[in-house]
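Now for the letters of each chain:
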Amino acid sequence: MRNPGSRPSRRKSLARRTYRMLDPILAGVLLVLPGCAAATELRSYAVIGDAIPQSLTGTAGDATRGRALVVERSSTCILCHNGPFPEQKFQGDLAPDLSGSGSRWSEGQLRLRLVDASRLNEETIMPSYYRVDGLTRVGTLWRGKPILSAEQIEDIVAYLASLRE
Amino acid sequence: MRFLGAIAATLLVVGAVGAAEIPQADRRSGYSFMKPDTKTMQDDDTANPGMLWVLNGETLWNRKAGAADKACADCHGNARASMKGVAARYPAFDKATGRPIDLEQRINSCRTNHQQATPLAFESRELLSLTAFVARQSQGVPIETGADPQLAPFVAKGRELYMQRQGQLNLGCTNCHDDNWDKRLAGAAITQGHPTGYPLYRLEWQSLGSLQRRLRACITGIRAQAYDYGAPELVELELYLMSRARGMAMEAPAVRP
Numbered sequence: 001m002r003n004p005g006s007r008p009s010r011r012k013s014l015a016r017r018t019y020r021m022l023d024p025i026l027a028g029v030l031l032v033l034p035g036c037a038a039a040t041e042l043r044s045y046a047v048i049g050d051a052i053p054q055s056l057t058g059t060a061g062d063a064t065r066g067r068a069l070v071v072e073r074s075s076t077c078i079l080c081h082n083g084p085f086p087e088q089k090f091q092g093d094l095a096p097d098l099s100g101s102g103s104r105w106s107e108g109q110l111r112l113r114l115v116d117a118s119r120l121n122e123e124t125i126m127p128s129y130y131r132v133d134g135l136t137r138v139g140t141l142w143r144g145k146p147i148l149s150a151e152q153i154e155d156i157v158a159y160l161a162s163l164r165e
Numbered sequence: 001m002r003f004l005g006a007i008a009a010t011l012l013v014v015g016a017v018g019a020a021e022i023p024q025a026d027r028r029s030g031y032s033f034m035k036p037d038t039k040t041m042q043d044d045d046t047a048n049p050g051m052l053w054v055l056n057g058e059t060l061w062n063r064k065a066g067a068a069d070k071a072c073a074d075c076h077g078n079a080r081a082s083m084k085g086v087a088a089r090y091p092a093f094d095k096a097t098g099r100p101i102d103l104e105q106r107i108n109s110c111r112t113n114h115q116q117a118t119p120l121a122f123e124s125r126e127l128l129s130l131t132a133f134v135a136r137q138s139q140g141v142p143i144e145t146g147a148d149p150q151l152a153p154f155v156a157k158g159r160e161l162y163m164q165r166q167g168q169l170n171l172g173c174t175n176c177h178d179d180n181w182d183k184r185l186a187g188a189a190i191t192q193g194h195p196t197g198y199p200l201y202r203l204e205w206q207s208l209g210s211l212q213r214r215l216r217a218c219i220t221g222i223r224a225q226a227y228d229y230g231a232p233e234l235v236e237l238e239l240y241l242m243s244r245a246r247g248m249a250m251e252a253p254a255v256r257p
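Protein sequences, first through last, are from chains C and Y. If you count the first sequence from 1, position 91 lands on 91 in the numbering used here, and the numbers rise without skipping. If you count the second sequence from 1, position 203 lands on 203 in the numbering used here, and the numbers rise without skipping.
Quick caveat, the hints were computed from the structure, so don't treat them as lab data. Any given hint could turn out to be false.
Okay, derived cross-link-like pairs now, DSBU-like style, lysine-lysine, Cα gap no bigger than 30 angstroms in a straight line [said to hold, decoys possible]:
| # | chain 1 | residue 1 | chain 2 | residue 2 |
| --- | --- | --- | --- | --- |
| 1 | Y | 70 | Y | 95 |
| 2 | Y | 84 | Y | 95 |
| 3 | Y | 39 | Y | 95 |
| 4 | Y | 183 | Y | 84 |
| 5 | Y | 183 | Y | 39 |
| 6 | C | 89 | Y | 183 |
| 7 | C | 89 | Y | 35 |
| 8 | C | 89 | Y | 39 |
| 9 | C | 145 | Y | 183 |
Start from the sequences, fold in the hints, and give me the full structure.
Structure below.
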């Protein structure tokens with residue numbers, strides 16, 4: 001059983017890969033529990049394949065709020081990504097264009113990519129937005145807190161899923 | 001388990017050696033990423049705001065200070081000759097502490113030991129001015145930092161810090177400055193992180209600032225705990241970055257956006 005919050009460090013990458021190979025043998029569904037002693041209680045979620053099919057909050061997010069969050073600098077999305085936000089002058093191009101996200105990925109796939117993209121690719125520079133463990137030297141302002149709350153993640157998932165091309 | 005961990009650690013080390021580094025021929029100063037008017041501002045001494053600190057530094061160089069009542073010039077003479085190329089070798093190995101120290105720390109150690117004066121605060125106008133004045137004497141000189149073999153273990157530590165992911169965003173310096181230097185972060189050029197022009201004038205700061213200030217800002221940007229000014233980690237990072245830029249021309253005082 002893998003604990004979601006406690007992501008193995010990159011140093012253990014090979015061991016991690018081994019775990020992953022065992023995943024389908026151990027269980028089709030991994031029920032994961034949040035890191036225990038963390039300051040912020042993370043909600044539990046289940047990873048199935050490359051997705052988290054169920055909403056973290058149990059309810060659907062709000063796409064309008066999601067758009068506002070995506071273009072808000074402190075959410076950090078558009079530092080690296082660009083997308084269909086013509087009013088935003090300063091966007092990044094380190095990461096894929098968010099246009100058409102909803103055509104490429106299901107809500108569940110988008111959710112896992114926000115929650116912990118490093119599960120799918122250890123080398124990714126995409127931060128894990130809903131994880132507090134396995135991090136090093138986090139600044140006091142942010143320690144023990146995920147980058148985004150479960151509600152914010154659901155709002156962003158709803159917005160990204162609405163981007164179709 | 002331990003065995004797998006050991007293999008993974010080995011792979012990580014081996015992988016890191018060859019993987020990310022920018023080939024010599026592709027190295028570029030932050031200057032080359034700038035707009036023409038910002039380049040002009042740096043190139044023209046009468047337009048470069050950093051020159052105000054350099055001029056102030058020259059005054060301080062010649063002013064007596066401390067219980068010894070000595071000026072820098074009393075020992076070092078004309079800085080144009082005596083300080084030429086010095087900044088291009090810093091951080092350098094300090095025999096007294098057995099560690100690398102950066103140019104600011106060298107100036108302060110000189111103040112304490114030879115002038116018997118109180119050390120200047122990091123980022124104070126005086127320390128930035130003296131550093132800028134000394135660094136200016138190396139303009140155009142190729143960086144030589146790290147040639148001293150005594151520095152090797154500290155360069156290695158700096159490199160480790162540079163590679164290490166940290167902070168809430170879980171990023172290492174290398175993720176941007178080796179792997180994505182040709183891209184843009186929130187619309188701004190990322191650059192390769194060669195510290196050729198410090199101390200430098202940042203338009204964003206509206207001030208001159210040290211490399212340590214810049215490093216602290218980047219570390220806070222990835223939402224990690226910034227090291228304190230003067231911390232060994234910051235000096236090791238400076239040392240690694242300067243040795244990584246070996247052969248590139250010194251630009252201090254540079255101008256950056």
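- Do the alpha carbons of residue 183 of chain Y and residue 39 of chain Y lie within 30 angstroms of each other, as the hint requires? Roughly 20 angstroms separates the two Cα atoms, so the pair holds.
- Mind checking the alpha carbons of residue 89 of chain C and residue 183 of chain Y for me, to see if they're no more than 30 angstroms apart? holds (16 angstroms)
- Query: Keeping to a limit of 30 angstroms between CA atoms, is the pair of residue 89 of chain C and residue 39 of chain Y held or broken?
  - Reply: Holds: residue 89 of chain C and residue 39 of chain Y sit about 23 angstroms apart, inside 30 angstroms.
- Is the Cα-Cα distance between residue 183 of chain Y and residue 84 of chain Y 30 angstroms or less? Cα-Cα ~35 angstroms, so violated.
- Item | Agreement of residue 70 of chain Y and residue 95 of chain Y with the hint, judged by alpha carbon distance not exceeding 30 angstroms | holds (23 angstroms)
- Query: Does the alpha-carbon distance linking residue 39 of chain Y and residue 95 of chain Y stay inside the 30 angstroms limit?
  - Reply: violated (39 angstroms)
- Does the alpha-carbon distance linking residue 89 of chain C and residue 35 of chain Y stay inside the 30 angstroms limit? Holds, at about 17 angstroms.
- Query: If you draw a straight line from the CA of residue 145 of chain C to the CA of residue 183 of chain Y, is it 30 angstroms or shorter?
  - Reply: Answer holds: residue 145 of chain C to residue 183 of chain Y is near 29 angstroms, not above 30 angstroms.
- Query: Is it true that the CA of residue 84 of chain Y sits at most 30 angstroms from the CA of residue 95 of chain Y?
  - Reply: holds (22 angstroms)
Hints 3, 4 from the list above are not met by this structure, while the remaining hints are.
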